[in-house]
Amino acid sequence: MKKYLSLILAALMVLALLTGCANTPAESADPEPSSTATIAEPPESAEPVEPAEPVEIVIWHENNETIAGTIQEQLSDIPGVTVKLERKEQMSDALKMVGNDPEAAPDMYLFAHDKIGVYAAMGILAPITEFVSADAFADIMPMAVDATTYKGEQYSIPIYFETLLFMYNKALMDAPPATTDELLELMKSGTTADSYVFVEQHSTSYNSAPWIQGFGGYILNSDAAPGLGTQEFQDALAYHKQFIQYQPSDGEYNTVTTLFTEGKAASTIGGPWLVPDLNAAGLDLGISAMPTLPNGEPLKPFSGVQGIQVLKHAAADKPDAVKAVLEGLLRPEVGIALANIANSAPVNLKAYDDPDVAANEMIMVMRDIAANVVPMPNIPEMDVMWTVTDNLLAAVNKNGEDIKTTCEAAQAEALEQIAAMQ
Amino acid sequence: MLKRRLAPWLYSTPLFIIIVAVILFPIAYTLYISFTNMNVYHWFEFETIGLENYKKALLMLDSGFLPAVLRTILWTAVNIVLQVIIAFFLALGLNSPGLKARTFYKTMLMFPWAMPAYVSILLWRMGMFNTEFGFLNKLLEMLGFSGINYLSNSTNAFISCVVVNLWQALPFMLIMMDSALQSIDKSYYESALLDGAGFWKRHLNLTLPAIRPIMAAPILMTTFLTFKQFDIVYLLTMQRGGVTGANINTVLTYVYDKAFITNNYGYSSAASILVFVLIIILSSLSRSTLKQEGV
Numbered sequence: 182m183k184k185y186l187s188l189i190l191a192a193l194m195v196l197a198l199l200t201g202c203a204n205t206p207a208e209s210a211d212p213e214p215s216s217t218a219t220i221a222e223p224p225e226s227a228e229p230v231e232p233a234e235p236v237e238i239v240i241w242h243e244n245n246e247t248i249a250g251t252i253q254e255q256l257s258d259i260p261g262v263t264v265k266l267e268r269k270e271q272m273s274d275a276l277k278m279v280g281n282d283p284e285a286a287p288d289m290y291l292f293a294h295d296k297i298g299v300y301a302a303m304g305i306l307a308p309i310t311e312f313v314s315a316d317a318f319a320d321i322m323p324m325a326v327d328a329t330t331y332k333g334e335q336y337s338i339p340i341y342f343e344t345l346l347f348m349y350n351k352a353l354m355d356a357p358p359a360t361t362d363e364l365l366e367l368m369k370s371g372t373t374a375d376s377y378v379f380v381e382q383h384s385t386s387y388n389s390a391p392w393i394q395g396f397g398g399y400i401l402n403s404d405a406a407p408g409l410g411t412q413e414f415q416d417a418l419a420y421h422k423q424f425i426q427y428q429p430s431d432g433e434y435n436t437v438t439t440l441f442t443e444g445k446a447a448s449t450i451g452g453p454w455l456v457p458d459l460n461a462a463g464l465d466l467g468i469s470a471m472p473t474l475p476n477g478e479p480l481k482p483f484s485g486v487q488g489i490q491v492l493k494h495a496a497a498d499k500p501d502a503v504k505a506v507l508e509g510l511l512r513p514e515v516g517i518a519l520a521n522i523a524n525s526a527p528v529n530l531k532a533y534d535d536p537d538v539a540a541n542e543m544i545m546v547m548r549d550i551a552a553n554v555v556p557m558p559n560i561p562e563m564d565v566m567w568t569v570t571d572n573l574l575a576a577v578n579k580n581g582e583d584i585k586t587t588c589e590a591a592q593a594e595a596l597e598q599i600a601a602m603q
Numbered sequence: 196m197l198k199r200r201l202a203p204w205l206y207s208t209p210l211f212i213i214i215v216a217v218i219l220f221p222i223a224y225t226l227y228i229s230f231t232n233m234n235v236y237h238w239f240e241f242e243t244i245g246l247e248n249y250k251k252a253l254l255m256l257d258s259g260f261l262p263a264v265l266r267t268i269l270w271t272a273v274n275i276v277l278q279v280i281i282a283f284f285l286a287l288g289l290n291s292p293g294l295k296a297r298t299f300y301k302t303m304l305m306f307p308w309a310m311p312a313y314v315s316i317l318l319w320r321m322g323m324f325n326t327e328f329g330f331l332n333k334l335l336e337m338l339g340f341s342g343i344n345y346l347s348n349s350t351n352a353f354i355s356c357v358v359v360n361l362w363q364a365l366p367f368m369l370i371m372m373d374s375a376l377q378s379i380d381k382s383y384y385e386s387a388l389l390d391g392a393g394f395w396k397r398h399l400n401l402t403l404p405a406i407r408p409i410m411a412a413p414i415l416m417t418t419f420l421t422f423k424q425f426d427i428v429y430l431l432t433m434q435r436g437g438v439t440g441a442n443i444n445t446v447l448t449y450v451y452d453k454a455f456i457t458n459n460y461g462y463s464s465a466a467s468i469l470v471f472v473l474i475i476i477l478s479s480l481s482r483s484t485l486k487q488e489g490v
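One line per chain: the protein sequences are X and U, in this order. If you count by the working numbering, then the first sequence holds residues 182 to 603, one letter each, in order. If you count by the working numbering, then the second sequence holds residues 196 to 490, one letter each, in order.
No lab work stands behind these hints: they were computed from the structure. Computed from a predicted model, the values in this text were never measured in an experiment. Some clues are possibly wrong.
Stated by the list, open to error - Listed below are several chain U residues computed to face chain X (Cβ distance under 8 Å; list not exhaustive): (1) LYS251; (2) ASN325; (3) SER374.
What the hints assert, rightly or not - Listed next, with one range per pair, are the computed distances between beta-carbon atoms: (4) X/ALA319 to U/PRO311: 43 to 53 Å; (5) U/LEU473 to X/MET278: 37 to 47 Å; (6) U/LEU226 to X/GLU542: 38 to 48 Å.
Note that the Cβ used here is the ideal one computed from N, Cα and C, for glycine as well.
Build the full structure now, drawing on both the sequences and the hints.
Written as structure tokens, this is what we have:
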């Protein structure tokens, strides 16, 4: 008896294990091959017919629900199409795994532009110029169009952009410094054991980029050539290092944000995503243009353009619905709603004509800064550059290693890593 | 007769299926991928390219790899020695006659084991080692000393990682040590006391030989876990956006930093297989040592 009982239990255990491999009804293939034809062409028969089921377009995102909800709301009036934004954790990894599987992948996804090259090279993205003409981008910031173009093809409808801003606490700093030299003087005279004039994540690629790019340097150019060994890059590091000695040595996100939020640092460079928490903390927040470097150029941060990209299978299976959604996303109302509800800076220039958007201090500063931002490279090679550059910056800024030697070693390492990608 | 011979296989089948699905298949698939050019540029349509990835992975074993191997051996040795010694004395304390609230102490000592590793590592990083708000620097400031950057210098970072690993791994060693101590017949100690043996003599000549065969397996297991430790070193010193400047790469973090960030799965798989072979060799050596010891 015991023998049979243990056999049954063992069989049940294996069954339970294998059940996880089965498709859930939600994941199973759409029984309708495509209902787009039904939408595009009314039936010829005079017989009354049931109205066609709306085509569902699923858009994955890893964003906050306010932004996703606003986009979904803005796309709710497209006839014959139901747009559903679904949050997906670890979305970029999930897309790599299932991007070409119509049963598991979404139809589109909302993400920053910097992964476009990776997904396009993998072959899961469809160029959107199949659906929207180049003229439709006339009102979009040129920076955003460049950011979302890979190998001459447009792969995204850009919606809003993010970049770093100079933020200051008006209670601790009367006016923002116009130049970085002025900022350095303030740091020298005002930094004490428990309060700082300026704090930043000084040793990460993203946050050091404004200094490097302001000096005319680059981390990776459009030809996939690393620039860690260039003179401009080394000059930027040497100049930037002067500021680091008056900041917390770890330069971590949590440390920097906490110091600024708690009023222990008078200014910082941070992203717009910090603003809601800073306002909630009751900080008298000022946002200004970036200070200029001794060469007369402002700090030039990276920009991340958030947009909607279309997966190949959806472009092939639901072309009409995809086209309708993309056209809907190009309307300035989407950017206006996101600016007013989620404080996001639209890339559609027409959105800035809206009086509420024009009255938003942070968004207007971002519009002005947009002329001097550098879109993050969207080529696949950038994936290895973040780590190599972070290691280089930490070695120089935190461990005091020689700039020239470390930069040259990092350049060699970057070339080696890029070669290893092939 | 046939039924009798088949029965054990039948009973073992579910377990075999699980082992094949969970352990063997991933290894076999990784081995297969290591012979292909699966990377960003050939993500879905990859093809076999022979030993190319292995040639590339062996080139990765450059001047940085040997220090990483030596550091991993040092890391493993330091951690195991400290764990065994501390666990031994803690277990002795927990087994001392007349100790009150023994269960409470044991529960408290088990606590780090119950916490998810990721959470506890990040808590250590922010709560203890942070230069501005960390408990350790606050304590130093209260005592009139200046703060220390625990993670930017390689020596400091190595010590900090050892401390966190001890905090996480000690409970397991302690449970094993405690069980081993409890298995020793108390009458031996009574005889030893009558013969006039002191504390060190009793434990060196009685306790250690008695627990040795019991502790060999847990120590071996912990040695491998420590050897392939990744998350503590990575999260404390190398996490994206939080690189500290310390270079305390172990074999695994080194391979990750060199191969896995390239999105080249063929190359990364070849690197993984090489590390796998290295661990298998070490495992075989340890098993033969244990056999010689009669464990």
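Status of the hints after comparison with the structure:
1. LYS251: holds, 6 Å
2. ASN325: This hint holds: U/ASN325 lies near chain X, its Cβ roughly 6 Å from the closest one there, short of 8 Å.
3. SER374: violated, 28 Å
4. X/ALA319 to U/PRO311: 43 to 53 Å: Given about 51 Å between the Cβ atoms, the range holds.
5. U/LEU473 to X/MET278: 37 to 47 Å: The hinted range 37 to 47 Å is violated for U/LEU473 and X/MET278, with Cβ atoms some 28 Å apart.
6. U/LEU226 to X/GLU542: 38 to 48 Å: violated, 58 Å
Checked against the numbered hints above, the structure breaks hints 3, 5, 6 and satisfies the rest.
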